[in-house]
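Novice: Every number in my numbering is 193 more than the matching position in the sequence shown, counting from 1.
To be clear, the hints were calculated from the coordinates, so they are not data collected in a lab. Heads up, some of the hints might be wrong.
Said to hold, decoys possible - List of simulated lysine-lysine pairs, DSSO-like, C-alpha gap at most 30 Å:
no. : residue 1 : residue 2
1   : Lys-196   : Lys-264
2   : Lys-370   : Lys-195
3   : Lys-453   : Lys-196
4   : Lys-370   : Lys-327
5   : Lys-370   : Lys-358
6   : Lys-370   : Lys-264
7   : Lys-195   : Lys-264
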Amino acid sequence: MKKRTSERLGETYYELRHASGLPVYVFPKDCATTHAILAARFGSLDRCYREPGSREWMTLPDGTAHFLEHKLFDNPDGSDSFARFSELGADANAYTDYGHTAYLFSCTEHFDEALAELLRFVTTPYFTPESVRKERGIIAEEIRMYRDSPWDRCFQNLMEGMYRKNPVRRNICGSEKSIGEITAPTLYGCCRAFYRLPDMVLVVCGKVTLGQVMRVADAVLPARQADEADGTGGSPERLAVDEPAGVFRANRSAEMQVAKPLFSVGIKDAAIPREPLARLRREAGMRILGELLFSRAGRFFSRVFEEGLLTASYSYGYSVCDRFAFHTVSGESDRPGEVLRLLREHLMDVRRQGIDPEDFERCRRVLYADEIRSYDSAEEIAGSLLSFVMDGVDLFAYPELLAEARCEELLPLLDDMLREDAWCLSQICPPAPSNEKER
194 MKKRTSERLG ETYYELRHAS GLPVYVFPKD CATTHAILAA RFGSLDRCYR
244 EPGSREWMTL PDGTAHFLEH KLFDNPDGSD SFARFSELGA DANAYTDYGH
294 TAYLFSCTEH FDEALAELLR FVTTPYFTPE SVRKERGIIA EEIRMYRDSP
344 WDRCFQNLME GMYRKNPVRR NICGSEKSIG EITAPTLYGC CRAFYRLPDM
394 VLVVCGKVTL GQVMRVADAV LPARQADEAD GTGGSPERLA VDEPAGVFRA
444 NRSAEMQVAK PLFSVGIKDA AIPREPLARL RREAGMRILG ELLFSRAGRF
494 FSRVFEEGLL TASYSYGYSV CDRFAFHTVS GESDRPGEVL RLLREHLMDV
544 RRQGIDPEDF ERCRRVLYAD EIRSYDSAEE IAGSLLSFVM DGVDLFAYPE
594 LLAEARCEEL LPLLDDMLRE DAWCLSQICP PAPSNEKER
């Protein structure tokens with residue numbers, strides 16, 4: 194067992210490995226609710242893999258990880274685990290991301306029973322051809338819903354514009370065609386490859402003890418992973434993708450029924466460190482830089498908003514993992530191209546003039562305060578802890594990096610952002626009048 198403590202935050206969590214091989218992380222915290230997440234390192238990016246000892250690469254249909262997430266709630270006795278959580282007064286959910294799939298619940302009572310249900314249904318897959326066929330219709334409706342959402346369509350087009358080969362350019366849910374190729378044997382194969390207990394992660398935060406969590410795990414999970422006991426098994430190998438540094442297409446545009454054009458600017462970050470702590474240090478710097486360049490309190494937003502180029506619908510962020518990274522700036526504007534021009538001009542001005550140390554310190558403090566506030570919520574703690582575990586770093590490393598960040602560290606990051614081939618604009622515009630279409 195390892196005890197992780199932050200003297201700066203006055204917080205502690207524990208990590209150990211259950212006898213089954215499952216890594217367990219427990220963060221005792223006096224919160225109103227207790228939150229638990231069981232996650233597999235299997236997301237939408239994991240399309241091509243091969244199992245240990247095999248020479249054959251397996252290619253999965255787009256949307257397989259998300260499809261599997263839906264189906265795992267079905268139990269062999271015909272019951273649904275969502276209903277079981279509801280009977281316990283627990284709020285259950287699940288999601289599929291690019292790099293992992295997570296199953297979770299929050300509760301104020303009956304924690305032991307809810308945790309047992311979580312561990313049981315995720316590790317007891319049950320699929321039939323009939324249930325898979327039925328689920329295709331449900332997920333197809335979800336795909337159509339996202340396709341009809343202007344903001345989702347704008348983001349998806351941005352991913353397809355920024356990335357040429359990386360699977361991040363593909364919809365997490367897949368397509369109506371691709372999910373039609375998913376079968377019960379496909380799902381069982383994914384469980385065998387990616388849902389091995391030694392490769393999964395259990396995170397718990399709230400009014401719990403380490404002993405309490407381990408007692409439930411002992412009652413539900415095997416003493417050893419079956420494939421570990423007979424000497425077979427092991428983690429699957431993912432197929433690496435050689436993604437070019439520059440964007441695939443600098444402009445993407447589509448028409449939908451929107452009152453005003455909306456847009457997303459993407460700035461592709463191709464310099465992703467392989468070492469997890471170095472990657473986290475880059476993330477901390479990029480988030481400070483994003484706050485400095487794009488925040489509503491900054492010069493860029495103030496200028497374009499006052500000139501009427503942007504509405505109050507505005508957002509920005511930085512996304513990163515070991516296989517991709519990018520900034521986004523999104524909003525509504527009658528002139529997205531002009532916003533893009535002014536955005537690039539703003540970044541170049543900051544580079545020429547240098548970063549104001551007072552602006553840097555203000556932004557660093559904003560992000561550090563946000564990080565400290567997140568420790569008031571069991572749900573936020575558990576979600577953050579899972580993300581950091583999946584990326585191979587200590588949860589407490591991030592606030593330390595924010596506290597120790599220096600202004601001069603941002604200039605090389607800004608240079609990377611100013612690469613001409615790193616920028617992509619995705620637009621969703623109202624349909625052109627019929628007479629314009631005819632011309």
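Novice: None of the hints should be skipped; say for each whether it holds.
Specialist: The hints, checked one at a time:
1. Taking the CA atoms of Lys-196 and Lys-264, the gap is near 36 Å; set against the 30 Å cutoff, the hint is violated.
2. Pair hint Lys-370 plus Lys-195 does not hold up; C-alpha atoms about 46 Å apart against a cutoff of 30 Å.
3. Taking the CA atoms of Lys-453 and Lys-196, the gap is near 53 Å; set against the 30 Å cutoff, the hint is violated.
4. The straight-line distance between the Cα atoms of Lys-370 and Lys-327 is roughly 15 Å, inside the 30 Å bound, and the hint therefore holds.
5. For a cut-off of 30 Å, the pair hint linking Lys-370 to Lys-358 stands: about 20 Å separates their Cα positions.
6. Between Lys-370 and Lys-264, the direct Cα distance comes to roughly 18 Å. Compliance with the 30 Å bound is thereby established for this hinted pair.
7. Pair hint Lys-195 plus Lys-264 does not hold up; C-alpha atoms about 35 Å apart against a cutoff of 30 Å.
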